[in-house]
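Colleague: From just these sequences and the hints, can you work out the full model?
Protein chains: 2
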Amino acid sequence: MTATFGATSTSSSASGSIDLGPAAYLKSKEEGHEQPLAPDFVSADDFSPLEVAYDFGTVRRSDIESGPRNIWRYKKLLPVPSNVDQIPNTEPGCTKLIRADRLAQELGVRRIWVKDDTGNPTHSFKDRVVAVALAAAREFGFDVLACPSTGNLANAVASAAARAGWDSVVLIPSSLEQAKVLTTAVYDGSLIAVDGNYDDVNRLATELAAENENWAFVNVNVRPYYSEGSKTLAFEVAEQLGWRIPEQIVVPIASGSQLTKVDKGFTELSEVGLVEPSPYTVFGAQATGCSPVSSAFKSGLDVVQPTKPDTIARSLAIGNPADGPYVLDTVNRTGGAIEDVTDEEVVEGIKLLARTEGIFAETAGGVTVACAKKLIEAGKIDPDAETVLLITGDGLKTLDAVQDSVGPKATVTPTVGAVREALGQ
Amino acid sequence: MTATFGATSTSSSASGSIDLGPAAYLKSKEEGHEQPLAPDFVSADDFSPLEVAYDFGTVRRSDIESGPRNIWRYKKLLPVPSNVDQIPNTEPGCTKLIRADRLAQELGVRRIWVKDDTGNPTHSFKDRVVAVALAAAREFGFDVLACPSTGNLANAVASAAARAGWDSVVLIPSSLEQAKVLTTAVYDGSLIAVDGNYDDVNRLATELAAENENWAFVNVNVRPYYSEGSKTLAFEVAEQLGWRIPEQIVVPIASGSQLTKVDKGFTELSEVGLVEPSPYTVFGAQATGCSPVSSAFKSGLDVVQPTKPDTIARSLAIGNPADGPYVLDTVNRTGGAIEDVTDEEVVEGIKLLARTEGIFAETAGGVTVACAKKLIEAGKIDPDAETVLLITGDGLKTLDAVQDSVGPKATVTPTVGAVREALGQ
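Which chain is which? The protein sequence lines are W and D, in order. Its first residue numbered 1, the first sequence is counted upward by one per residue in our numbering. Its first residue numbered 1, the second sequence is counted upward by one per residue in our numbering.
Hints listed in this document are in silico derivations from the structure and should not be mistaken for laboratory results. Take these hints with a grain of salt, some might be off.
[As the list claims (entries may be wrong)] Capping the alpha-carbon separation at 27 Å, the derived lysine-lysine pairs in DSS-like fashion look like this:
{"no.": "1", "chain 1": "D", "residue 1": "LYS409", "chain 2": "D", "residue 2": "LYS380"}
{"no.": "2", "chain 1": "D", "residue 1": "LYS308", "chain 2": "D", "residue 2": "LYS29"}
{"no.": "3", "chain 1": "W", "residue 1": "LYS29", "chain 2": "W", "residue 2": "LYS308"}
{"no.": "4", "chain 1": "W", "residue 1": "LYS409", "chain 2": "W", "residue 2": "LYS380"}
{"no.": "5", "chain 1": "D", "residue 1": "LYS29", "chain 2": "D", "residue 2": "LYS298"}
{"no.": "6", "chain 1": "W", "residue 1": "LYS180", "chain 2": "D", "residue 2": "LYS180"}
{"no.": "7", "chain 1": "W", "residue 1": "LYS409", "chain 2": "W", "residue 2": "LYS298"}
{"no.": "8", "chain 1": "D", "residue 1": "LYS409", "chain 2": "W", "residue 2": "LYS180"}
{"no.": "9", "chain 1": "D", "residue 1": "LYS180", "chain 2": "W", "residue 2": "LYS409"}
[Unchecked claim] If you want the footprint, here are the derived chain W segments under chain D, 3+ residues with CB under 8 Å:
{"no.": "10", "stretch": "341–354"}
{"no.": "11", "stretch": "364–374"}
[Unchecked claim] Pairwise CB distance ranges, derived in the manner of DEER restraints:
{"no.": "12", "chain 1": "D", "residue 1": "ILE87", "chain 2": "W", "residue 2": "GLY424", "range": "25 to 33 Å"}
{"no.": "13", "chain 1": "D", "residue 1": "ASP310", "chain 2": "W", "residue 2": "VAL416", "range": "54 to 62 Å"}
{"no.": "14", "chain 1": "W", "residue 1": "THR411", "chain 2": "D", "residue 2": "THR206", "range": "31 to 39 Å"}
{"no.": "15", "chain 1": "W", "residue 1": "GLU377", "chain 2": "D", "residue 2": "THR206", "range": "44 to 52 Å"}
Glycine included, each C-beta is placed from N, C-alpha and C at the ideal position.
Modeller: Below, the structure written as structure tokens:
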């Protein structure tokens with residue numbers, strides 16, 4: 001961990017030898033200023049977030065369909081080198097899209113699809129964004145993968161670095177639950193517990209990113225590339241539906257990045273001609289205990305007031321979501337809505353999905369299901385149109401959420417009669 | 001739960017209306033006696049276990065390659081109806097086969113492939129066998145899915161029943177860890193805790209199977225169909241290798257069923273002409289704390305002495321493995337070996353796989369990796385031939401195994417200097 005970033009990345013960048021596939025330049029989200037592809041995340045012109053802009057050229061369905069069964073089948077739509085699928089990586093994506101007829105029946109709508117991202121390598125959508133971040137970071141000459149995290153991201157970074165043979169530095173609050181510590185530590189990167197809260201850890205990450213030029217903090221200095229990974233959720237849903245955009249989609253909101261990138265994904269598919277352009281409506285889901293974007297939406301505001309999170313949906317507990325205003329743009333533009341649900345409703349959402357479809361989601365999934373239910377009941381989701389729910393993480397990681405409300409139906413002696421009685425036979 | 005099995009299954013069976021695809025009859029494993037397809041598991045003639053026999057007809061690679069991305073692409077090789085993929089199910093299988101070059105390098109061999117079954121719906125290979133059991137059980141007229149279990153099987157049965165809209169009855173020892181209770185109870189079937197050990201629970205299951213004729217106990221009365229699901233591991237490995245059989249494979253041993261079915265799968269692929277017949281060697285892996293088959297192998301016996309399990313590898317802790325003798329047959333016939341490893345080696349195996357390949361396996365996976373290491377060191381696995389390791393379950397389910405041996409590298413104050421010091425920079 002002693003190589004300096006400047007020595008490697010600047011030279012490769014300056015010599016034009018980096019290969020980020022169709023990625024052409026970075027563009028500021030506010031005023032559209034352009035700057036060259038580099039590990040930058042804030043516009044030098046207007047200080048707004050930077051986003052990757054592309055020159056896609058021709059992309060055919062057959063290019064994608066003949067590709068690998070993971071996110072790299074979409075490499076011509078991502079900021080990654082053309083040989084990305086040849087280098088050892090966790091191969092995330094191509095998770096199942098489940099036709100959830102039993103859930104749809106319970107909710108009284110015609111058709112629901114569940115995009116089940118629990119099937120990813122470390123069982124959350126974070127494997128997608130981390131894989132793209134690592135691929136881009138390699139091109140820029142980084143050789144350490146890093147992040148601040150309280151859960152899913154820590155798992156994904158530590159696992160991806162291990163597969164790639166990179167060192168990793170993962171910063172967590174020292175108060176983190178042991179299960180989340182273990183599921184990161186097992187990959188044997190440099191897991192560092194920090195005496196402080198998540199804000200302290202996050203601030204420390206930004207300082208470390210500035211001082212260690214070979215460290216790619218996936219959600220800090222290579223964030224523009226990282227966040228593009230979420231587009232693959234949109235790409236997969238469209239391909240799995242037979243190359244068309246669903247009419248309605250419900251996306252959980254943490255930083256808000258995923259929701260805006262799902263929208264960007266659908267837009268790009270239309271632009272390059274992989275799908276027929278068709279209208280779609282994007283809905284956002286938050287936990288009431290951390291609902292700054294939902295609050296802003298309901299108040300008709302276009303700015304988001306930071307809040308102090310207090311919810312069991314910890315993977316969504318970002319009180320000052322960076323992409324909040326862009327989420328509001330997307331939802332308003334597509335005619336959607338944003339809803340939020342109590343922790344009790346989150347648990348009911350987890351149980352509803354498990355009972356009807358056999359899918360055990362983490363709390364974020366409970367938020368999505370419960371918000372969908374509320375949006376249906378309020379008439380905001382059209383019951384005659386189809387709806388896709390993004391289930392972004394696995395219930396095995398948030399067992400505490402259900403521990404007080406599920407358990408055996410009965411405890412019995414080992415006799416047939418006792419079982420019969422327990423079942424009311 | 002009041003319909004009687006006799007009324008439904010006998011009639012459909014007698015009328016010849018059941019569709020189990022290529023399955024032709026049941027055959028006793030000892031003397032090859034034949035009997036009609038039915039929910040029977042012990043031969044009426046020689047009292048040995050029954051196995052499904054087939055009339056495969058023509059099966060082309062293109063039939064399979066154009067099928068769904070789950071085990072049903074192999075439906076022409078399984079005892080399931082031809083429309084099995086049209087009925088809601090958990091869609092297990094098509095998990096990744098990872099080229100594990102970093103692990104191979106550490107172990108000093110040319111090529112290792114890891115078949116990573118943590119990617120299944122409930123994160124173990126049990127989703128495969130349960131899906132086949134449910135599909136066959138539906139044909140026989142059952143409408144309740146049941147099992148005795150202490151872990152992975154309970155999850156898989158409860159989830160599969162939920163997706164299918166069936167009731168489930170899952171029997172567990174009342175002493176089971178809360179995490180395993182929660183990951184089953186969340187699907188809202190009839191989870192019954194039994195005051196007793198696993199043997200008590202197992203005996204109770206057999207009694208209940210006899211008394212409740214609409215209950216399909218996946219690993220009791222429909223076991224011949226259930227166990228065929230393990231063949232899909234062999235099918236997938238061969239297809240993922242470009243339609244060829246690997247030279248060596250290491251399979252963990254619990255009841256021994258999986259190992260014998262992987263062998264059966266390779267044999268059937270050759271028989272129907274999907275692969276060129278080629279020699280392969282099957283190795284078995286056990287935990288020393290429950291190693292009756294390894295002990296028999298090492299002693300040159302062809303019978304297995306029951307043992308009382310005492311190992312952290314609980315998903316392999318079957319002291320009296322039903323298929324033990326058949327495992328010995330397979331391993332001896334193919335020129336393989338069976339090894340066993342201590343609990344400490346199991347943990348090292350888990351950590352080795354996580355560190356080199358970013359895959360977090362449950363204890364059974366640690367057994368497989370550690371036994372492979374030992375077999376390589378002993379010169380029993382050929383280092384110049386390729387080896388496939390079956391990783392059958394997820395580390396998230398056995399966190400207790402690693403909790404004393406992994407953790408943060410350091411706990412620091414939130415300053416750059418403290419992180420530097422912790423990393424020895």
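Colleague: All hints, please: hold or fail.
Modeller: Outcome of the hint check:
{"no.": "1", "hint": "D:LYS409 <-> D:LYS380", "in the structure": "violated, 36 Å"}
{"no.": "2", "hint": "D:LYS308 <-> D:LYS29", "in the structure": "holds, 26 Å"}
{"no.": "3", "hint": "W:LYS29 <-> W:LYS308", "in the structure": "holds, 26 Å"}
{"no.": "4", "hint": "W:LYS409 <-> W:LYS380", "in the structure": "violated, 36 Å"}
{"no.": "5", "hint": "D:LYS29 <-> D:LYS298", "in the structure": "holds, 24 Å"}
{"no.": "6", "hint": "W:LYS180 <-> D:LYS180", "in the structure": "holds, 17 Å"}
{"no.": "7", "hint": "W:LYS409 <-> W:LYS298", "in the structure": "violated, 41 Å"}
{"no.": "8", "hint": "D:LYS409 <-> W:LYS180", "in the structure": "holds, 15 Å"}
{"no.": "9", "hint": "D:LYS180 <-> W:LYS409", "in the structure": "holds, 15 Å"}
{"no.": "10", "hint": "341–354", "in the structure": "holds (count 3)"}
{"no.": "11", "hint": "364–374", "in the structure": "violated (count 0)"}
{"no.": "12", "hint": "D:ILE87 <-> W:GLY424: 25 to 33 Å", "in the structure": "holds, 28 Å"}
{"no.": "13", "hint": "D:ASP310 <-> W:VAL416: 54 to 62 Å", "in the structure": "violated, 30 Å"}
{"no.": "14", "hint": "W:THR411 <-> D:THR206: 31 to 39 Å", "in the structure": "violated, 20 Å"}
{"no.": "15", "hint": "W:GLU377 <-> D:THR206: 44 to 52 Å", "in the structure": "holds, 46 Å"}
Consistency note: the structure conflicts with the earlier hints numbered 1, 4, 7, 11, 13 and 14.
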